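Assemble the whole structure, with the sequences as input and the hints as a guide.
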Amino acid sequence: MRLMTIESAEFSLVFGVDMATIGTIEVGGAAMVAAGFGRVPPGGETTLGRHDEAEAFVVVDGHGEVSVDSRPHPVAPGAVLLLEPFERHVLRNLGAGDLRFVNLCWRNPTRAAQAARRTGRERFAERPVFVFSPPLPPTGDVQLGARCGPPLGADAFVRFQRMNGVEAYHLTGSDDHQHAVARRARMAGGTPAAAAARHAQETLSALALMDVAPDLYATPAADPAYPAGLRAFVSRLVSSGGIVRGMPPGRDSLPVHALADAVREHQRRGKVSPQLRRLAGRILARGTVHIPLTHRSAWGVHPDAGPQNGQVVWSRLAMAYGFLHAIAALGRRLGRDWAPGRPCNDWKVVHFLGGDGAFHHTVLYPALYALAHPDWMADVDYNAMGYVPPAAGKRPARQPPIRARDVLTPETVDAVRYYLASAHAGTGASEFDFAAFRRKVAETLIGRWQAWLGDLGARTTRHFGGRAPDPGSWTPGQSAFLGRLQNRLGAVTVSYGADGFALDGAVRELDGLVDDTIRFAAEHRPLASEPSLQEEWRTTVALELAAARLLAACAAPVMPRFAGRLAEALGGTVPAEWPETVCLVPPGTRLALEHRVFFSVSSLARPPAGVPRAPELIVASA
1 MRLMTIESAE FSLVFGVDMA TIGTIEVGGA AMVAAGFGRV PPGGETTLGR
51 HDEAEAFVVV DGHGEVSVDS RPHPVAPGAV LLLEPFERHV LRNLGAGDLR
101 FVNLCWRNPT RAAQAARRTG RERFAERPVF VFSPPLPPTG DVQLGARCGP
151 PLGADAFVRF QRMNGVEAYH LTGSDDHQHA VARRARMAGG TPAAAAARHA
201 QETLSALALM DVAPDLYATP AADPAYPAGL RAFVSRLVSS GGIVRGMPPG
251 RDSLPVHALA DAVREHQRRG KVSPQLRRLA GRILARGTVH IPLTHRSAWG
301 VHPDAGPQNG QVVWSRLAMA YGFLHAIAAL GRRLGRDWAP GRPCNDWKVV
351 HFLGGDGAFH HTVLYPALYA LAHPDWMADV DYNAMGYVPP AAGKRPARQP
401 PIRARDVLTP ETVDAVRYYL ASAHAGTGAS EFDFAAFRRK VAETLIGRWQ
451 AWLGDLGART TRHFGGRAPD PGSWTPGQSA FLGRLQNRLG AVTVSYGADG
501 FALDGAVREL DGLVDDTIRF AAEHRPLASE PSLQEEWRTT VALELAAARL
551 LAACAAPVMP RFAGRLAEAL GGTVPAEWPE TVCLVPPGTR LALEHRVFFS
601 VSSLARPPAG VPRAPELIVA SA
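Mapping the sequence shown onto the working numbering, position 1 (from 1) lands on 1, and the numbers just tick up by one.
Keep in mind that the hints are not guaranteed to be accurate.
Unchecked claim - Pairwise CB distance ranges (calculated):
#	residue 1	residue 2	range
1	522	336	50 to 58 Å
2	60	24	48 to 56 Å
3	13	232	35 to 43 Å
4	245	345	28 to 36 Å
Hints were generated in silico from the structure; no laboratory data involved. Computed from a predicted structure; not experimentally measured. Where is the CB? At the ideal position from N, CA and C, for every residue including glycine.
This is how it looks when you write it as structure tokens:
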């Protein structure tokens, strides 16, 4: 017997508040449940927690709120909160006295493993998810390569989340006020505004050819509401007292080092890779880091309506406001009350970026938000797509850059998306190697994927009249293959999911699914010619068709046209929901796999450089 009270407990600082250990319940020498008292002072809160244990809070005194994955919930005496593994949580005291609670936590490996396989739907439920890809450079034409990785990643992420019932939107736009736009205008003998408009049209054309259709494409130079909104954002920064005033008048700077704690807290709230966190740590460890708010230019947005002194807001800094402005513009189109001056804790933001934008996204912008919107607990995830720009003057001489319009057609787009995902998404390669691309298509997409599907179609025609067979008897090897397919589904779900997003990993799982099935088919082919084994042969073909159906669903985020054609050939429709289990093609379904061409090397003949191919445009504007 041991009797304790909160008043008699010995407290120490844990997770930012006073905690006292009650003890543990042990079974077989292993600690199963750890119990403790906690107290949060008025106005205080726990540090952000995200653990592998399941955890329970029982509030015994005081009032406050618990924020779980950025969603607040009020708590009062008698409230019991059960947290699943890896749910981000903060307990805040909103009352006048201490908020006191009992805490219980325990490890359950099975529960933690299940939580680790979540897609993100659980955390995104009833929240708008804004997925940003960065502006493409205003080079005059969009070139295929790793810079296409972020928009492709954002597109696949949004497609996957929508298949899981999440309200997700892809937003992007033009960096209209950067110096390169003005330089391009001088070279063309036109105005910066006209150059920015041409760049927006070129980018939209290239994105359309990639089957990337953003829900909003923002063009700041063409938006009459943008300058006033940006000036209000800069005014918030200045009035916060956190800006260093400089000379000439208006030449102010942001002391990033003074906001180091806010940047680190921002990174703890969202998903930031170890590489990006290390980069931020090295920058913040330098001592003093000042970023000017403005620079001298004739092109851009002046920071205020007074004397201009030739200063305009730095375009990279303005992008922090641009994201909020884009959300508001999308909100107007959807009839939602989203305002750039009132960012909501309910928003979930996901950024896809190249390595050259790492500092701005993960250090500079969080510092700016901490000053302009100190009450906004921004919940932001960052997915770096591994871009490494080529060294100056060292572009490979083996071939000129390949323009999107030279390769992308409705017949080739899925092959290009597949190659970009596998060759560029996580490797840091900067060039699109056309010869390697053709080899990959010939050897993998045609030589393995299409060859297997065509052979499967021929066998279903020859043995079952072109219809899906009903499985018969199952062998241990066949039930094991079904388990292997389910494992592939779990692995590709993690690769598309919010926490583990890796587009190259998803493509590897698709390749693995096909390879597994090819091996399975080869091992079981002898069943076809043995009359006494036809029950097992029906099961073999039914399982191959289940694998093809699974391939269609799992390829949908990255290869939507192929996925739709394959689903149609299997008697279905374009996959609209993400599967939770492997399902057989309904017996008797009419199939159209035989002689079906999904990929063709002849469609990859590259036209001569400089010969335009008219793109099919989409319209997406603020």
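Results for each hint:
A hinted range of 50 to 58 Å holds for the C-beta pair residue 522 and residue 336, which are about 54 Å apart. The hint said 48 to 56 Å for the Cβ distance between residue 60 and residue 24, and at roughly 20 Å that hint is violated. Between residue 13 and residue 232 the Cβ separation comes to about 40 Å, which falls inside the hinted range of 35 to 43 Å. Between residue 245 and residue 345 the CB atoms are about 31 Å apart, so this pair conforms to the stated range of 28 to 36 Å.
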